[in-house]
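Novice: This is what each chain is made of:
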Amino acid sequence: MLKIILRRAAAGVVLLFAVSALTFTLVSLIPGDAASALLGPNASEQQLTALREQLGLNLPLWQRYFEWAVSAVQGDLGTSIVSPQPVATQLNRGLAVSIPLAFGAVVLASAIGTALGVYAATEGRWLSKALDVVALIGMGLPPFWIALVLSNVFGVELGWFPATGFVPFPDDPVLWAKSLVLPIAALCVGGIAMVSKQTRDSVDEVLSKEFVDVLRVQGLSPRRILFGHVLRNAAIPAIAVTGGLFVSTLSGAVLAESVFGLPGLGSIAVRATATRDVPVIVAVACYFCLIVIVVNLVLDAIYAFVDPKVRTRS
Amino acid sequence: MKYPKLGLTATAAVSALVLALAGCSSGGSASEQTVEGRSALLTVGSQMPVMSLNPVLTPVSSVVTYAYDPVIFKANDGSYLPGLAEEWGYVGEGNTVFEFTLREGVTFQQGGELDASAAAASIRYFLDTPNPNGRSVGTLADVEAVDDLTVRLTYEEAFPNAAESLSQFYGMGLLIGPQGLADPDSLESASDGAGQYVLDAENTVSGSAVAFVANEEYFEPDAVAFDAVRISILPDANARLAALKSGQIDIAQQIPVTQVGANALEGFETLSGYTSWKSMQFLDTSSGPLSDANVRQALNLAIDREGIVSSLYSGAAVVQEQTTPQGQPGFSESLVGSYPFDLDESKALLASAGYADGFALKLLTNTTSDQGGLIGQLLVDQLAQVGVAAELTVSSGTFEEFMGEMAGGGYDAVVYGLFSNDLYTMVTQSIVSPGTLLNPLGAVDPRADALIKQAAVAPDEETFVGLLEELNSYLNEVSFSVPLITERSTDVVSDAIVLPTKNFVIPQPNMVAPIPGQGISKTS
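Protein chains in written order, with our numbering: chain U, 1 to 314; chain V, 1001 to 1524.
No lab work stands behind these hints: they were computed from the structure. As the structure is a computational prediction, the values presented were derived from the model and not from experiment. There's no promise every hint is true.
[Claimed, not checked] Now the stretches of chain V that chain U is said to cover, found in silico as 3 or more residues with beta-carbon under 8 Å:
1) 1125 to 1136
2) 1206 to 1217
3) 1231 to 1238
4) 1297 to 1306
5) 1394 to 1408
[Unchecked claim] Examples of chain U residues lying across from chain V (beta carbon under 7 Å, computed):
6) Val14
7) Ala18
8) Ser36
9) Gly155
10) Arg271
For each residue, glycine too, the CB sits at the ideal point set by N, CA and C.
Based on the sequences and whatever the hints tell you, model everything.
Specialist: Right under this line is the structure:
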């Protein structure tokens, strides 16, 4: 197992370099640069040239990337071109928003989705059919629209939760939790639908296996059959769905951050792209990539824990 | 066989947790008013990301003006009032030497007194640093401290807009103290102006919130209306409106008019300002059909401006038929309605000029000032009704590439949006003067040029404005361009906000002012 994780981690490092190089190149292909974004349309050619030299934008692309990569390997992600602030400081602040948001949404979607899926599989057909319809609606609703509705109903009309904004945990843990409820709810609707449907199908399939009948005949209680045998077997496809769900939640978080005015990684990425702030854009891409790599490693470990065949293979 | 009801249990548990959280109040309490006559907190939702808190580097001066006072304050009605300077004016004739006299006893936030040499140093820093407003302040040859409180600006050529260039809308007038100038990077985390508020670095989060606290050393304490100010950056208009309606902010800036109409906004007030002035500018009128004023007038008559406002802006714009936007010096009420949508008259004028069958016109637009090239496309359709076959090119490259395309000589006209400004600034920086943005081929109109030169050396404000009105009338008469519309921006404010006036000619009302009653305040 350790070998697999080490191999995946090594591949992750290569992937990080590939993503950073690709992002650097792609950003350079977008028309405009930080100098023109900073100086606006009234800038003279002389001013633009002076600022490009000051910011190092006059250097060849490969040289800029090389210098950035050397610093990044040493743990220095550089300084934002737009505001003289370390990129890592900005991104770590964004991470403190995006991570609880994405994890909260995935954990909630997994918990509720799994519970609903199991309930639908074990409690009769009508519920199972209803779940199909609800899941279809849940997966079809855009998170952006859900976020707007939640913000207006629970933030503006009822005033139960803040309609916008984020409060850091150390400042006020209660407000921190309250500021995350609506964004997490908006993000997890699609996930609940996806996980519940997947779980229902998996549990259904496992329940129809012969070994479950054998267990029943042996006199095991329904609780033991469900938790001790069925769920364990049904969990593997659900874990695969959760991995994909995490990646899609991270992407969806960009829109939720916009609607709820959250200063997460998505907002930072959008702002940096508008101002062609290359060090920030590349670092955000690397952060996202790193998160996905870590999540996949964790899922691999969970696979191994749940499925003895994986451990045996490794 | 009965399995445990896991789904119901989990859903009930999550619901209970969420409801419990909804009922929880935070440990903190709302900030209390600390100084008599002030409100505790002003909260503003802004669309624009704050790219820099250095007043010279930022393209959005509205945020830094909380901490940096201007040399001359431009009021909501467009008049110039004392800011850090008590007196100002041109010296001698010709508008090439401008002097201002500073207030006594003003200190910068990081220490150091405001005197003429400190002010001159700040202006020199502006001139030496690439910045977004560098071209809007005239061509300065020298900045010097004449005595302890008097600063003299000497221009290479006549510049009649010195007071404007020292106002809060340009970084040059927002003076920085000596400590800040010694380390300009430090201005991102510690303000060093002479303004009403001091940057609260602890509560400022790059890209999402800027916080200020009252400057207790401010020279006019009665003008300070709040103990603290917090600006939240909320790029999404829905988020700004939701924050306003739920009481999280007092002011939601830059709300599209379409969204104001779509939302129930009882208990809130809307304020409108004019932002971008859109027009079709002729790039070459030296030869061909466009050299004939009758043809240009015919094109002005062929445009359904109301149609552009209703189809593309849903009312969030006003029709514009003259080169000066409404409310700006040079605007003439008598020119309103000067080019009605009249296809018959347009066709008659074209026929009289020898173009009864129309002609071909190469039209350029760009996605920055004409999103998706929609205005350009509408113009193509409208011009076709009088037989003018416009071929549209939508430039989606960089601004420099777009400028190159304009200067390349391959186009007859361009659709462009300019910041709503006074006519002198517009004609000298963007439209008429040879070599400017929309006159890249360097065409010279002798009459317009003469009026600009006269305005540049106008001995007083009244003469200056009179000459701008004359210039505006002339440009309208010869159909120098095809003005189209002026976009409107809208701020929505809670009914607790007290505004000095609802009539303002600047794009957004002043939030702070060095004169009591000129900025905004809040009822308790």
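Novice: Run every hint past the structure and note whether it holds.
Specialist: Consistency of the hints with the structure:
1. Given a C-beta distance limit of less than 8 Å, the hint that chain U covers the stretch 1125 to 1136 of chain V holds, as 7 residues qualify and 3 suffice.
2. With a cut-off of 8 Å between beta carbons, the stretch 1206 to 1217 of chain V has 4 residues touching chain U; three or more are needed, and the interface restraint holds.
3. With a cut-off of 8 Å between beta carbons, the stretch 1231 to 1238 of chain V has 6 residues touching chain U; three or more are needed, and the interface restraint holds.
4. Against chain U, the stretch 1297 to 1306 of chain V contributes 0 residues with a C-beta closer than 8 Å to a partner C-beta. That does not satisfy the three-residue criterion, and the hint is violated.
5. Coverage of the stretch 1394 to 1408 of chain V by chain U holds [criterion: at least 3 residues with CB-CB distance below 8 Å; count 6].
6. Look at valine 14 (chain U): its Cβ only gets to about 31 Å from chain V, farther than 7 Å, so that hint breaks.
7. Interface restraint check for alanine 18 (chain U): the shortest CB-CB distance to chain V comes to about 27 Å, outside 7 Å, so the restraint is violated.
8. A distance limit of 7 Å between C-beta atoms decides the matter here; for serine 36 (chain U) the minimum to chain V is near 6 Å, and the interface restraint holds.
9. With a least beta-carbon distance of about 5 Å to chain V, the hint placing glycine 155 (chain U) at the interface is held under the 7 Å criterion.
10. Given hint, arginine 271 (chain U) at the interface with chain V, holds; its Cβ is 5 Å from that chain's nearest Cβ, closer than 7 Å.
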